[in-house]
Every structure is written in structure tokens, then in C-alpha cells.
Amino acid sequence: MPNDIGMITPRIDDCEECPNEDDCCCFVELYNNDDDAYLRFCGTTDGPDACLGSFICGSAFSGGGQDIVLLDPTNPRQPFCMAEGAPFRILNYHSTDVAYINITCQGKLINPQIIPLELDPGEYFFMKLIVVAICHYVHSQLK
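Yeah, the sequence shown ends on 330 if you go by this note's numbering, and it's all consecutive.
If you're looking for bench data, these hints aren't it; they were derived computationally from the structure.
Any given hint could turn out to be false.
[What the hints assert, rightly or not] Pair ranges (Cβ atoms, derived): (1) N298 <-> A237: 33 to 43 Å; (2) E271 <-> N220: 17 to 27 Å; (3) D236 <-> N298: 14 to 24 Å; (4) T283 <-> E208: 39 to 49 Å; (5) I302 <-> T261: 15 to 25 Å.
Ideal placement from N, C-alpha and C gives every residue a C-beta, glycine not left out.
Assemble the whole structure, with the sequences as input and the hints as a guide.
Here you go:
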């Protein structure tokens with residue numbers, strides 16, 4: 188159900204394709220003048236492929252798996268959907284290129300909380316949304 192308090196909702200603009208009404212609408216985007224990133228997500232609600240794994244701190248994640256390739260610095264942002272409170276994993280699957288990306292689940296706010304990441308080739312990032320208000324706070328852990 189959409190809200191009117193300025194929080195991100197799952198049914199606006201790029202996030203209309205989120206499969207569940209209560210999904211968090213998140214975005215990944217290039218930063219630091221990077222011109223490409225090759226990312227494999229696991230644990231999203233909108234990924235077409237099934238995947239599962241274990242979180243470094245013990246939680247398991249599962250759900251949709253999807254590859255997101257960011258190639259265009261003029262349009263460097265792609266949405267993805269997450270269940271509230273669910274962990275997920277991002278892998279930079281490029282063999283030589285470092286990925287400079289930002290992750291946010293507050294992409295429609297004026298000052299969203301952003302997690303900047305620099306993922307070396309083959310490096311994983313694990314994240315779990317901790318919900319205080321709709322997709323407002325996140326906790327992350329780098330491997």
C-alpha cells in the first residue's frame with residue numbers, strides 16, 4: 188500500500204514491476220566515473236533465476252537471482268526488488284574490472300541512505316535490510 192510520508196514505495200516509476208505489494212524498491216547505480224559494472228544478485232524478489240547461499244554471519248538467503256550489467260554512464264541506474272528484512276548477495280563477476288556502485292533502497296527520497304561499494308573482480312557483498320520504517324535503514328557487511 189503506498190504511503191504519503193515521503194518514504195519509498197514499491198509501486199512508483201521504475202519499481203512498478205516488483206512482484207509483492209510490500210517489496211522494498213532498491214537501486215544499484217554506477218559512481219566514481221565508472222563506465223560499467225557486471226553484477227550478479229541473489230536474494231531479490233524480482234530475479235528470474237532461483238539461487239540460494241549462506242550469509243557470512245550465518246543467515247541463509249534465497250530467492251531470485253539476476254545479472255545486472257550497468258554499461259551506460261548517462262543512465263547508470265537499475266532497480267531491483269527486495270523483501271523487507273531479507274538478506275541478499277551481490278557478486279562482481281567481471282574477471283578484471285573493479286565495480287564502483289552505490290546501493291540504495293531509498294532511491295526516491297531527496298537524501299537517500301546510500302551504500303558506496305568498490306567490488307574487486309570476484310568479490311561478494313552481503314547485505315540485510317533491517318526495517319525500522321519502510322526500507323529505511325540498512326545494515327551491511329563486506330566479505
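Failing hints, ascending? Hint check: 2, 3 fail, others pass.
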